[in-house]
Amino acid sequence: MSAPLLELSDVEVEFRTRDGIARVLNRVGFSLSSGSTLGIVGESGCGKSMTALTIMRLVPQPPGRIAGGIIRLDGENLLTATEARMREIRGNEVSMVFQEPMTSLNPVFSVGNQIAETVRLHQGLSKREALDRAVEMLAAVGIPVPERRIAEYPHQLSGGMRQRVMIAIGLACGPRLLIADEPTTALDVTVQAQIFDLLIDLKERTGTSIILITHDMGAIAEMAERVVVMYAGRIVEEGPVEVILGDPLHPYTRGLINCVPHLEERPSPERRPLTEIAGMVPALTALGRGCAFAPRCNHATALCREQAPPLEGGDEHRVACWLHER
Amino acid sequence: MQLTIILGRRLFYAAALIAAVVVLNFLLIRLAPGDPALTIAGEMGGATEEIIEDIRRTYGLDEPLHHQLLVYMKRMLSGDLGDSLFFNTPVMDLILARLGPTVLLVMTAMTLAVTLGSFLGVLAARNPEGLFSNLITVLSLVGYSAPVFWTGIMLLIVFSAMIPLFPLSGMYDVRLGATGLALAVDVLHHLILPAFTLGIIFLAQYSRISRASMLDVLGADYVRTARAKGLSERVVLYKHALRNAVLPVVTLAGLQFGSMLSGAVLVETVYNWPGLGQLAFESILRRDHPTILGILFFASGMVVVANLLTDLTYRIIDPRIRTGRS
Ligand SMILES: Nc1ncnc2c1ncn2[C@@H]1O[C@H](COP(=O)(O)OP(=O)(O)O)[C@@H](O)[C@H]1O
Ligand SMILES: [Mg+2]
Chain A
1 MSAPLLELSD VEVEFRTRDG IARVLNRVGF SLSSGSTLGI VGESGCGKSM TALTIMRLVP
61 QPPGRIAGGI IRLDGENLLT ATEARMREIR GNEVSMVFQE PMTSLNPVFS VGNQIAETVR
121 LHQGLSKREA LDRAVEMLAA VGIPVPERRI AEYPHQLSGG MRQRVMIAIG LACGPRLLIA
181 DEPTTALDVT VQAQIFDLLI DLKERTGTSI ILITHDMGAI AEMAERVVVM YAGRIVEEGP
241 VEVILGDPLH PYTRGLINCV PHLEERPSPE RRPLTEIAGM VPALTALGRG CAFAPRCNHA
301 TALCREQAPP LEGGDEHRVA CWLHER
Chain B
1 MQLTIILGRR LFYAAALIAA VVVLNFLLIR LAPGDPALTI AGEMGGATEE IIEDIRRTYG
61 LDEPLHHQLL VYMKRMLSGD LGDSLFFNTP VMDLILARLG PTVLLVMTAM TLAVTLGSFL
121 GVLAARNPEG LFSNLITVLS LVGYSAPVFW TGIMLLIVFS AMIPLFPLSG MYDVRLGATG
181 LALAVDVLHH LILPAFTLGI IFLAQYSRIS RASMLDVLGA DYVRTARAKG LSERVVLYKH
241 ALRNAVLPVV TLAGLQFGSM LSGAVLVETV YNWPGLGQLA FESILRRDHP TILGILFFAS
301 GMVVVANLLT DLTYRIIDPR IRTGRS
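Order-wise, the sequence lines are chains A and B.
Everything in the first sequence is counted per the working numbering, starting at 1 for the first residue and increasing by one.
Everything in the second sequence is counted per the working numbering, starting at 1 for the first residue and increasing by one.
One or more of the hints may lead you astray.
Claimed, not checked - Restricting the straight-line Cα-Cα distance to at most 35 angstroms, the calculated cross-link-like pairs of lysine-lysine (DSBU-like) are:
#, chain 1, residue 1, chain 2, residue 2
1, B, K74, A, K203
2, A, K203, A, K127
3, A, K127, B, K239
Unchecked claim - Just some of the chain A residues that point at chain B, by a computed CB distance under 10 angstroms:
#, residue
4, S104
5, E147
6, R148
7, Q156
8, G170
Since the hints were made in silico from the structure, they are not lab data.
Yeah, the Cβ is synthetic: ideal placement off N, Cα and C, and Gly gets one too.
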């Protein structure tokens, strides 16, 4: 296997809060090979966005702080790179699409300008060339009459259109990695499907590696090769998509999968009740020594409450659960 | 097309407002206790019966009220504001001679307050808990709460008497007899202290509002997007954030133009600046009613024009208003 495009190991992020230090990312490590798609799933507040922002080195500091670990992009450690080098990387080699299309575009600049700005910055194109590129990019993300649209402002576009523009900005410089952080959560269901279709199409055409953060297990099944499951700032399970969706080991992963109604191949006539995981994600400032999921877990033992399980297993499939300790 | 409608409506409102001021001016004289002819004659001293009769006839005081109003408005429209009781010259001539210095003073003070205030606010917002930020808050408060004449006299004592950097009073040095560029430099030299005195009261409010607005904007999603594009902190702050943060500042500037004009009355008096404010102050002491009313009329006209300009500026900066919601 070739060297991975992106490799995180033991990444730690802390936030100073009123209730003390919150360890928002705890020894997060995974890798992504070139051209592949990695899904990240988990309930809200588990650290998915923070993982993405840490890769971009955009964690708000203060109150946040990247406390340790290594992030390698093609072998280069991003956590020790200079700020100037990071600015070269952002939007150019690694770009990000955010969850909130309604507010992620600047309301006072035309969408054409907002796309052109990136390519002018990173590729030194002239204003004219950059606007031409903007038109191309809008066409590539499926926006009709792009030469007219570039002069429009974000408020003149629908949510789905704005997210397409965000994707166009993200892909304008042909990045090696695109991080899509819940790109469809804020959109209508029909529009969600269109955006995922667009991402699948772009992935096939450009070969960009993608980190896809989403609650949509259907999209994960369709796009991702590997899946990382996060809980309370840790990775609790990681493996190939078929294993994580088909035969997960961690009780939390099972709970997550069961929350999703449309995963069965052939829905049975008698509908199963929609389940959810009882309880809530614990406060990150108040994590004990044990497994963070233990208070909500049906199988928790004394050991689970005493000591956090390590993330173990082969290269293929890893899980952090005492039940599966070999 | 839409713009012409909006502009037409604005101009109509402006005209209506000025007409309302004229009516108010008219009523101020008519409704004052006593014979309006005597009021108009004012402190002319030996107003003979003939003079009173003459005033009655020229002002149409023997006609019914609505007819008088028509006559009055017709005179205003033709630019006849009556004669000054003190100078015995047309009020219009007096005002036109004084208008330039006041516009110069007020616009300079305004520009100073807005640009310096916004700049300080932005600096403060970059580190809201820092020493600099708190210093600005304190200085702003002092500048805001100190009376204008006190600030003016203090600045005069320090920068004119103790350290003779600036002239004591007036708008230019008659003894120099300078013309052209030399005159401009001389006027600028005289302008600095009064403009600063007038600006400093408002500086406080601009720095506070731009600090708050900037803090707000810095947390916006589109600022994060700008960073994720790899833009430098300078471009993020002064292009993406400031363009949005400046909107409340523009609104405030428009609203405050009136207060700025009334502030000019005191500043011009302290610095012996030959403007409308000084004329207003002196005319009040001299009970020169036609002049006072003429200045009132002109001042409201200026406020109306300032509001129109604010509106246009806002439209240029914010495309959401320019293009309307579709
Ligand atoms: N500015 C902040 N201050 C303190 N805690 C924060 C801040 N931003 C995020 N967090 C915490 O970081 C954790 C992870 O957040 P996030 O990565 O946004 O979750 P997700 O994207 O998985 O929903 C959450 O528990 C959240 O409370
Ligand atoms: Mg998130």
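So, going through the hints one by one against the coordinates:
no.	hint	verdict
1	B:K74 - A:K203	74 angstroms, violated
2	A:K203 - A:K127	28 angstroms, holds
3	A:K127 - B:K239	17 angstroms, holds
4	S104	5 angstroms, holds
5	E147	18 angstroms, violated
6	R148	13 angstroms, violated
7	Q156	5 angstroms, holds
8	G170	9 angstroms, holds
In terms of the numbered hints stated before, the structure departs from hints 1, 5, 6, listed from lowest to highest.
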